[in-house]
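Visitor: Sequence:
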Amino acid sequence: MQKEERFEITDSEWEVMRVVWTSTKATSKEIIQVLQEKKAWKPATTKTFIGRLVKKGALNTETTGNKFIYSAAVSERESLQALKAGFFDHICNTAVGKTIADLIKEATLSYDDLSMLEEVLQAKKKDAVETIICNCVPGQCHCKENHNMDCHKKECL
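The numbers in the sequence shown follow UniProt numbering, run straight up by one, and end at 157.
By construction, these hints were calculated from the structure, which means they are not laboratory data. A portion of the hints provided could be inaccurate.
Cross-link-like lysine-lysine pairs, in silico, DSS-like; alpha carbons within 30 Å at most [said to hold, decoys possible]:
#1 38 <-> 56
#2 105 <-> 39
#3 98 <-> 56
#4 67 <-> 56
From a predicted model like this one, the values you see are computed outputs, not experimental measurements.
Work out the full structure, taking the sequences as your base and the hints as a guide.
Guide: This is the structure:
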């Protein structure tokens, strides 16, 4: 099967990957069983996502008898790093702070998590800037309407 060089994992594919990351190795039957319980997916749905992940190169396949055994070709850490790396590319620079704040508001966090965040924020203050400049191209900028922030770019003023 032809593998794609660079890939993005969809939300549904993440569900399959999480099963494989947890199990290290899993048969399609094992993956199907977990996702039937968690998501009420039909076996064909899960098999479709497994096939896509194999084609993308995210899952390795080995054959034992008449069973396919799947293992992750990329670690969960690597996948999270890739996801995180592209996250801010999709939003305006002026919206990053509010987006992070919104994510924190929606997350369930432990006291240890909060302590870690406080440390990161304290360290980040050393590198903070007075004003964030919009990175939108003309025709994309909605800083004022969407984020109640001024763009600070000539073309948007």
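Visitor: Are the hints correct? Go through all of them and say.
Guide: Tested hints:
| no. | hint | in the structure |
| --- | --- | --- |
| 1 | 38 <-> 56 | 24 Å, holds |
| 2 | 105 <-> 39 | 25 Å, holds |
| 3 | 98 <-> 56 | 33 Å, violated |
| 4 | 67 <-> 56 | 20 Å, holds |
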